[in-house]
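Q: Listed here are the chains, written in short residue letters.
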Amino acid sequence: MTLHELSPLDVAIASALILINGAISIVLKLGLEKRLALAATRCIVQLALIGYVLEWIFRLERWDVILLLCLVMTVVAGISAVGRVERKLPGLYLNSIVSIFVSSWLVTVVTLLAILGYDSWRETPAQYVIPFLGVILGNTLNGVSLGMDRLGEHLTRRRGEVELLLSLGATRWEAARGPVRDSIRTGMIPMINSMMVVGIVSLPGIMTGQLLSGVAPAAAVRYQIVIMFIIAAGTALGTIGVILLSFERLFNHSHQFLHDEIGEKRK
Amino acid sequence: MTDTTHPPLLDARDLTRRDRAGQILLDRVSLQVSARERWAVTGDSGAGKTLLLRSLAWLDPCEGEVWWRGERIRTTNVPEFRAHVIYLAQAPAMIAGSVEDNLRLPFALKRHVDRAFHPDAIQRQLDRLGKRNGFLARRDSELSGGEKQIVAILRALQLDPGILLLDEATSALDPATERQVEGLVTEWLAASTGERAVVWVSHDEAQRRRVADRALHLHAGRVEGETA
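The listed protein sequences correspond, in order, to chains A and P. Just so you know, the first sequence maps onto residues 558 to 824 in this note's numbering. Just so you know, the second sequence maps onto residues 946 to 1173 in this note's numbering.
By construction, these hints were calculated from the structure, which means they are not laboratory data. None of these values were measured; they are calculated from a predicted model. Virtual Cβ for every residue (Gly too), placed ideally from N, Cα, C. Among the hints, a few may not be true.
Some but not every residue of chain P turned toward chain A, in silico, with C-beta under 8 Å [said to hold, decoys possible]:
hint: 1; residue: Ala1002
hint: 2; residue: Ala1028
hint: 3; residue: His1057
hint: 4; residue: Val1058
hint: 5; residue: Ala1136
Restraint ranges, calculated between C-beta atoms of paired labels, are given here [as the list claims (entries may be wrong)]:
hint: 6; chain 1: P; residue 1: Asp1059; chain 2: A; residue 2: Gly640; range: 42 to 50 Å
hint: 7; chain 1: A; residue 1: Gly766; chain 2: P; residue 2: Arg963; range: 39 to 47 Å
hint: 8; chain 1: A; residue 1: Val659; chain 2: P; residue 2: Ser1086; range: 37 to 45 Å
hint: 9; chain 1: P; residue 1: Phe1062; chain 2: A; residue 2: Ala596; range: 55 to 63 Å
So here's chain A without its partners, still in its complex pose:
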């Protein structure tokens, strides 16, 4: 079985389906038409662009270019994670980028070298490096973003409790343990939930892609299991990383809670 190639006309027909959404928005006065048009256009332009970039990179086969693209993807993921956080935390961007970088790259390298068995990452073809890193980044940024958001909110709402513990002789870690745990849980739960329903409710994109391109279901499933687990590992490490980095900025070594560093809620 080979892949049924889609012509530009096929894509155009699919695009017409988005008009259904537009019609619903107009009839129900949802006011989403402009956003929908923008989103659909961005979807086409961004994917077309990345298609060209990937074709170019796959042909080029140069590790330094692959590395550069991976770095750009990582920094964009770090910045996007911050975009969804409602309260400003100290060192927000740096914490986000560092934790996403360390967790995603670590998990990607382990996957390529230990699981896929390449001798060095320089020998790994771009068609493996980029999709693996991409899928880990996409999920890790979600966990990082949810975790940071929760931490800011929790520490603001329950500042009194944290200070109470400190004033009774708690160490900074004892005082922050509750909010820290709660934030890490919040970051990790979507990933755990998606592992619960995978295969029953949803067929993940990568597995779908492999099935479409003719890979045997058993082989596609093995890939998907690996991917789910590496995504889970990346998300967990990234979330823990960003929460601990934020903790370090919000609680100094004198066991003082620097609550003034947490910003107001964005409007």
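Chain A is fixed; fit chain P onto it per the hints.
A: Chain P only, in chain A's frame:
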């Protein structure tokens, strides 16, 4: 000059606090609290009374030094210090749970793990304050402001602190209960071998006369004077 053979219990030197814009909120305030002393900190709203009490407990970053029994407070000994010098806020925080959960809270901390919660002793004190059977089981959400203040004071007293920093800690109590709580603090102070002291912030002049022998007057973040 500081007496090095008998240092004060708490010695705060030149405490200075600034806001984020660099504006001075507390300007080189010093205070020495010796054993058995009962201090009041007075001043108008915004004079810096709460900031001073929080700074004495080293709760916020500030310039200056705090010494406890002749030892300077640095990063390593802060939790130990705060287990002895306890700050009580005007609106005490409660954890979600019963009064008993709140009273047990400190014993989960490393600093107090060798101590035990004594429900009978607590109940005796609650009886004196008119909080009889069933109060320990009440939920935090059911407590009035005054009842929270009672829980907060008992929570601190059971830890046998060296100094209590009471920031309007009885402001929500009715006059009779307020006197009884003052009585508990006075008893705690008298029961020691002389190693305890208390600092009150209160807007109530009559209460200040009852609970304090010395007063530090603040105005716009500066010490305006001391009276004995």
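Q: To test your reading of the hints: which numbers does this structure violate?
A: Checked against the structure, the hints that fail are numbers 4, 5 and 7, while the rest are satisfied.
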